[in-house]
Amino acid sequence: MERRLEPEQIWLLLLALRRTVRAGANDSNRYGLGLKDEQALVLPPDDPVALIIVAGDGSWSARVPVAEMGTQLLDLCLPITLACRNRPLALAHLGQSLDGHIATVHGLSRYINGPENLTYLHRIRALCDAVIVGAGTVEADDPQLTTRRVTGPHPMRVVLDPHRRLSAKHTVFQDHVAPTLLVCDEALAEQPGPGHAEVIGIPHDGRYLHLPEILRQLQQRGLFGIFIEGGGQTVSAFLQAGLLDRLQITVAPLIIGSGRPGIALPVIEDLSQGLRPRHRCYSMGEDILFDCQLRC
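Quick note: the sequence shown uses numbering that gives the first Met the number 0, first residue 0, plus one each step.
In short, the hints are calculated from the structure, not lab data. We treat Cβ as the ideally placed atom computed from N, Cα and C, and that holds for glycine. It is possible that part of the hints are untrue.
[Unchecked claim] Simulated restraints on C-beta separations:
no., residue 1, residue 2, range
1, ALA263, SER60, 35 to 41 Å
2, PRO211, GLU5, 39 to 45 Å
3, HIS209, ARG62, 43 to 49 Å
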């Protein structure tokens with residue numbers, strides 16, 4: 000019977016590639032064969048036959064058949080897997096209803112999208128170096144921002160709380176499961192961090208924290224694959240600042256009719272001023288994921 004790569008096998012290959020890329024050195028004895036312009040992935044680790052070839056530009060080709068969901072995993076996950084000093088990447092994701100809402104008026108968002116999208120979010124967390132959320136998301140959802148639904152490491156958790164409005168009671172500040180950074184106005188950075196969080200001060204422009212400086216400081220710490228997970232205001236701020244390489248929006252077959260919007264940008268006068276990025280669409284259970292490439 001012809002060999003076929005299933006999604007969980009592809010996931011193991013992606014995790015192995017992530018380790019190799021983050022290490023910055025070839026670890027061919029365990030994970031694959033490091034080549035100058037491409038990476039050959041093998042499974043199991045001591046198998047001499049390359050199953051997936053990842054080219055220098057991030058494209059891939061398979062030496063054996065790949066299941067449909069495995070192909071989707073490679074398409075969607077390779078960009079963040081390959082993030083490194085020479086290839087930093089900022090990816091944002093939002094899950095929303097058909098009418099563009101990510102939560103009700105009162106902030107309820109569980110569960111707009113299906114379990115497939117939630118599992119995918121955990122995969123992206125496992126492949127990225129840091130996951131960013133705004134204070135509103137922590138306040139409304141008390142997220143763990145871990146990878147408990149999949150195999151893989153937890154990312155650095157980064158909470159943007161410009162005015163230090165969050166208390167220490169939230170899970171990310173108390174659980175010690177993964178390191179946590181709290182980013183605030185530099186004028187408030189001397190205050191003790193909530194729980195075990197480390198505090199970073201960033202200049203504040205009167206409306207929001209200086210987002211390029213946040214990315215710069217994260218990269219100084221060796222965090223090059225950045226996942227902006229929410230909420231809508233935070234994702235919109237990074238999008239408006241031109242700091243996103245990719246934007247993924249998963250749309251559920253649900254009409255809420257009112258609520259909190261996903262993307263909110265300044266008013267435009269003409270549709271020609273809108274963003275129309277290159278994109279691909281993928282089925283995510285009953286949902287549809289739009290994978291938008293904003294920068295080459």
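For each hint, the structure was consulted:
no. : hint                        : verdict
1   : ALA263 to SER60: 35 to 41 Å : holds (40 Å)
2   : PRO211 to GLU5: 39 to 45 Å  : holds (41 Å)
3   : HIS209 to ARG62: 43 to 49 Å : holds (46 Å)
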